[in-house]
Structure formats: C-alpha cells, structure tokens
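Enquirer: For reference, the chains in residue letters:
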Amino acid sequence: MAGFNKIKSTPPRWLLAELTYACPLQCPYCSNPVDYAKYQSELSTEDWKRVLTQARKMGAVQLGFSGGEPLTRKDLAELVKHAGDLGYYSNLITSGYGLTEERIVQLKDAGLDHIQISIQASTQELSDHLAGTESYQRKREVAHLIKKHGYPMVLCVVIHRENIHEMPHILEMAEELGADYLELANAQYYGWAHLNRDLLLPTKEQFEQAEQIAQAFKEKVAGKMKIYYVVPDFYEDRPKACMNGWGTTFLTIAPDGVALPCHSARDLPGLDCPNIKDYSIDEIWNESKAFNFFRGFEWMKEPCSSCDEKEKDFGGCRCQAYLLTGDMYNADPVCSKSLNHSVIQKAIDSAKVSAALSDNEKPLIFRNSKNSRDMA
Amino acid sequence: MTLNLNKPIKFSPLHRLQWEEAQQKDVILYPEGMVELNQSSAEILKCCDGTRNLDQIVSALELKFETTGLKNDITAFLEVALKNGWIQQN
Ligand code: SF4
Ligand code: SF4
Chain A
1 MAGFNKIKST PPRWLLAELT YACPLQCPYC SNPVDYAKYQ SELSTEDWKR
51 VLTQARKMGA VQLGFSGGEP LTRKDLAELV KHAGDLGYYS NLITSGYGLT
101 EERIVQLKDA GLDHIQISIQ ASTQELSDHL AGTESYQRKR EVAHLIKKHG
151 YPMVLCVVIH RENIHEMPHI LEMAEELGAD YLELANAQYY GWAHLNRDLL
201 LPTKEQFEQA EQIAQAFKEK VAGKMKIYYV VPDFYEDRPK ACMNGWGTTF
251 LTIAPDGVAL PCHSARDLPG LDCPNIKDYS IDEIWNESKA FNFFRGFEWM
301 KEPCSSCDEK EKDFGGCRCQ AYLLTGDMYN ADPVCSKSLN HSVIQKAIDS
351 AKVSAALSDN EKPLIFRNSK NSRDMA
Chain B
1 MTLNLNKPIK FSPLHRLQWE EAQQKDVILY PEGMVELNQS SAEILKCCDG
51 TRNLDQIVSA LELKFETTGL KNDITAFLEV ALKNGWIQQN
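Going line by line, the protein sequences match chains A and B.
If you number the first sequence the way the numbering used here does, the last residue is 376 and the count never jumps.
If you number the second sequence the way the numbering used here does, the last residue is 90 and the count never jumps.
Derived by calculation from the structure, the hints in this document are not laboratory data.
One should not assume that every hint holds.
To be verified - List of simulated lysine-lysine pairs, DSBU-like, C-alpha gap at most 30 Å: (1) K38/A / K49/A; (2) K224/A / K7/B; (3) K71/B / K224/A; (4) K224/A / K25/B; (5) K25/B / K8/A; (6) K81/A / K277/A; (7) K49/A / K277/A; (8) K64/B / K218/A; (9) K57/A / K46/B; (10) K71/B / K81/A; (11) K7/B / K81/A; (12) K147/A / K46/B; (13) K312/A / K25/B; (14) K370/A / K352/A.
Given only the sequences and the hints, what does the whole structure look like? Please build it.
Expert: The following block contains the structure:
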C-alpha cells in the first residue's frame with residue numbers, strides 16, 4: 001500500500017464489527033448496503049479475534065457487535081469473551097428478535113457490557129409492519145429480560161414519517177420498559193432509507209413537533225434516562241461532522257472483512273477499501289488509500305476549502321455528497337453554502353408529493369435478499 | 001438532584017472506570033460513549049466505593065495527597081458526576 005499521501009492520524013477508538021448481513025427483519029431504512037446480498041462470505045472466528053486484538057492494541061476501546069443481526073453468529077459469545085479479555089467495552093446492537101434468556105445469560109457470563117435493542121414503533125401493528133416480521137411482543141419481552149439480568153439497556157427507535165406521530169407513545173414505552181438510554185434516531189438517508197426516502201422523510205412541521213415533545217421529555221426524565229437524539233440533517237443548514245472526521249475515530253469492519261472508514265464507504269468509487277484478510281489493522285488504519293482519502297482538509301473543493309467552519313464539520317458526509325450530487329468531493333449538500341443545496345429542498349418536496357399517494361401506488365421497499373438482488 | 005452529604009457515594013454499576021494504556025488516561029465507559037478523565041477526577045471516582053460519604057472521601061484524598069482544602073473542588077466535581085449518572089447514592 002505504498003505511494004499514497006499519508007497524513008498523521010489519531011488511533012481508532014471505536015470498532016464496529018458488522019458480523020453478518022443476515023437478519024430476520026426487513027426494516028425499510030436499514031443502513032446496510034442496498035446490494036448486500038452479493039456479499040455472501042463471512043469472516044471466520046479466528047479472523048474476528050485477530051481484528052479485535054489488533055484494533056485494541058492500537059487503542060480502540062468501544063466495540064459494537066452489529067450487522068445485520070449479530071445474534072445469527074454462533075460464535076458471538078466466544079467473540080464477546082475475547083473482547084472482554086482484551087478490555088473492550090462491548091455493545092451488542094441487535095433487533096432483539098431471537099434473543100432468548102439463555103443467550104442473555106450466556107453473553108453476560110462472557111462479559112458483554114450492554115445491549116441495544118431496536119423497536120420499530122410503539123404499537124404492535126406498525127412495528128410488525130415496519131419490521132416485515134411479527135416481532136413486537138417478543139422485543140418487549142426481551143427488553144424486560146435485558147433489565148432483569150442487569151445490563152444497561154439502550155432502546156433505539158428509528159424515526160421517520162411512518163412512526164413520527166407516535167412520538168409521545170414511543171417515549172412512554174421507553175419509560176415503561178425501563179430503558180437507561182433512549183436513542184431517537186431520525187432516519188439517515190443512506191442505504192435502504194435512501195431508496196425509500198420519499199416515503200420516510202417527514203415534513204418539517206412533523207419533525208419540529210416531534211422534537212419539541214422529545215425535548216420536554218428529556219427534561220422530565222433527566223437523571224433517570226438519557227436521550228440520544230439524532231437529528232435528520234435535511235432540516236439543518238449545516239451538515240453533521242461525519243464520523244468525527246474521516247479516519248480519526250471510527251473503524252468499521254464489514255461481514256466479508258472489508259475495512260471501512262464509515263459504514264457506507266463501500267459505495268464510494270475508487271477507495272479500494274482494504275480487507276483484513278490481506279492487511280493488519282495497523283496497515284489499514286495508517287497506510288491504506290481508503291483511510292487516508294478524506295483525512296485532513298487537502299482533498300476539499302470550494303466552498304469547503306476556504307470555509308472557516310471546515311474544522312467543525314469536515315465538509316459533512318462524503319456518502320451524502322456522493323449520493324446527492326454525484327461528486328464525493330463536494331460539500332455535503334445539506335450545507336446552505338453548497339452550490340447543490342437545492343437538491344435537499346427537491347427531496348423534501350418530492351417526499352411531500354409521495355405522502356399523498358396510497359401504499360399501492362408507492363409501496364415501501366423492504367430490506368430482504370430478494371429486493372437486494374433485484375437492486376444490484 | 002444534589003449530593004446528599006451523609007449518604008455513601010458509589011460509582012454507577014452501569015458505567016465502567018478503566019485505565020487506557022493507549023491514551024495514558026483513565027476513562028469512563030458507558031453505552032456508546034467514553035469520557036476521558038484527568039488524574040484528579042479519576043482519583044475522586046476511585047474513592048466512590050459505596051462505603052464513604054463526601055467528607056470521608058475528602059479526608060481520604062487529602063491524606064493521600066498530603067494536602068488540605070480540597071473539599072470545594074471535590075464537591076463540585078461530584079455534583080457533575082452525579083448529574084451525569086457516573087455516581088449514585090441510595
Ligand atoms: S462549506 Fe463545507 S466546510 Fe463550510 S460549513 Fe459548509 S460543508 Fe462545512
Ligand atoms: S460518510 Fe456519510 S454515511 Fe458515511 S458515516 Fe459519514 S456521515 Fe455517514
């Protein structure tokens with residue numbers, strides 16, 4: 001991996017281990033790549049252990065086991081144990097579906113620190129509809145089991161037009177289930193959510209109303225429950241500071257071993273994301289083309305390159321720039337200084353038009369292997 | 001929420017306090033987050049073992065570092081720690 005301009009880097013702190021793309025649910029806003037079905041191969045237990053060991057040595061300390069559904073991996077407890085021995089703080093990011101009490105205990109014994117489960121909505125009908133699978137009741141039971149066995153519980157609800165009106169009930173549900181943290185994640189429009197954006201993007205009024213309700217609740221439960229609120233950047237005029245800066249903090253390993261500076265990076269052209277089967281984590285982090293690609297500020301074009309806010313947001317999201325403007329070097333079009341900023345308003349308008357259509361005229365595209373193959 | 005002067009203070013079981021070799025720092029780990037601590041904050045939190053109240057923690061630290069007058073700083077930090085859920089009182 002020679003010949004690429006290296007920029008001094010900070011060590012990784014966060015390792016996201018996407019153990020598999022397999023998942024029993026079909027959420028239409030899933031952040032997995034739309035063409036995930038073509039990546040069939042999965043790393044072996046030994047490969048994962050080596051990745052964990054190497055990244056820990058470099059300084060990674062937060063570890064997320066995610067997917068797909070990480071519970072589909074039979075070696076999950078073994079990996080959790082290995083992570084615990086290395087001193088990671090390990091997070092299981094799961095749909096909760098398919099989590100049994102036996103497994104909760106087994107993972108606890110292996111040293112798992114916390115479990116994040118996601119629920120799609122606060123009512124059974126809508127939640128099951130969005131998951132594409134009957135799962136709501138089971139998830140509620142699992143939430144109780146997680147608390148029963150002494151884990152901190154993060155409840156994650158992805159917010160979009162189909163469930164945003166349920167905000168007050170979602171908050172009630174979180175309280176009732178005893179969540180220690182509630183993540184209200186407004187959908188981010190990559191992957192499947194990009195595909196379904198016309199049907200998922202709420203109106204500004206809906207978003208503002210829901211945010212007000214959530215803020216009031218935040219004050220009410222202060223000291224008992226922490227709220228992580230992820231804003232939908234389409235209604236901001238500055239982009240999010242993507243990944244806290246490219247190649248500064250986050251390292252994602254995809255199921256097939258490809259190392260990614262952000263979980264959508266495999267959709268960006270010409271990055272040649274390296275595979276952990278070919279290189280060590282140290283080589284990948286410090287020397288690979290992909291991880292150096294958007295490090296620092298050299299790569300920027302106007303208006304970012306001369307902008308006095310570039311150290312705050314790093315020009316925003318590369319994937320969003322690519323998806324919405326066709327050029328990954330552009331400013332994130334969410335930024336009001338971007339020359340392409342009008343694409344955001346167009347997306348908002350287009351979503352508004354779709355809101356008037358019936359399910360038959362414009363159905364949600366669910367995340368499953370058949371749709372993934374059709375999309376590829 | 002304010003600090004109760006009489007009750008013992010304990011580090012929250014939902015958080016983890018750990019020395020990070022790579023950063024040469026103590027850190028607090030919790031779901032999806034990490035706080036880096038300076039040395040004095042870390043020393044205070046290590047005293048929050050669920051047996052000592054505020055005054056006892058102050059005495060222990062003043063003894064350990066052979067100094068006096070730490071009470072205001074320690075109290076201020078523990079108020080912040082309580083608000084952030086890093087410590088608890090039953
Ligand atoms: S112009 Fe670029 S660097 Fe400046 S605020 Fe917008 S996205 Fe950020
Ligand atoms: S590049 Fe974009 S999709 Fe990727 S993490 Fe950053 S913000 Fe997200």
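Enquirer: Does each hint fit the structure? Answer for all of them.
Expert: Hint by hint, here is what the structure shows:
Taking the CA atoms of K38/A and K49/A, the gap is near 24 Å; set against the 30 Å cutoff, the hint holds. Between the alpha carbons of K224/A and K7/B the distance comes to roughly 19 Å, so the proposed pair stays at or under 30 Å and holds. For the given pair, K71/B sits about 27 Å from K224/A by alpha-carbon distance, which is consistent with the 30 Å threshold. For the hint linking K224/A to K25/B, the alpha-carbon distance of about 28 Å falls within 30 Å, and the restraint holds.
Restraint check for K25/B and K8/A: the C-alpha separation of about 21 Å stays at or below 30 Å, so the hint holds. Under the criterion of a C-alpha separation no larger than 30 Å, the hint pairing K81/A with K277/A is consistent with the structure, at around 22 Å. Straight-line distance between C-alpha atoms of K49/A and K277/A comes to about 12 Å, which keeps the hinted pair within the 30 Å bound. At roughly 39 Å between alpha-carbon atoms, K64/B and K218/A are farther apart than 30 Å, so this suggested pair is violated.
Restraint check for K57/A and K46/B: the C-alpha separation of about 25 Å stays at or below 30 Å, so the hint holds. For the hint pairing K71/B with K81/A, the CA-to-CA distance comes to about 41 Å; that exceeds 30 Å, so the pair is violated. Pair hint K7/B plus K81/A does not hold up; C-alpha atoms about 36 Å apart against a cutoff of 30 Å. Our distance criterion of 30 Å between C-alpha atoms is met by K147/A and K46/B, whose separation comes to about 26 Å.
A threshold of 30 Å between alpha carbons decides the hint, and for K312/A with K25/B the separation of about 25 Å falls inside it, so the pair holds. Pair hint K370/A plus K352/A holds up; C-alpha atoms about 28 Å apart against a cutoff of 30 Å.
The structure does not agree with the numbered hints 8, 10, 11 stated previously, though it agrees with the rest.
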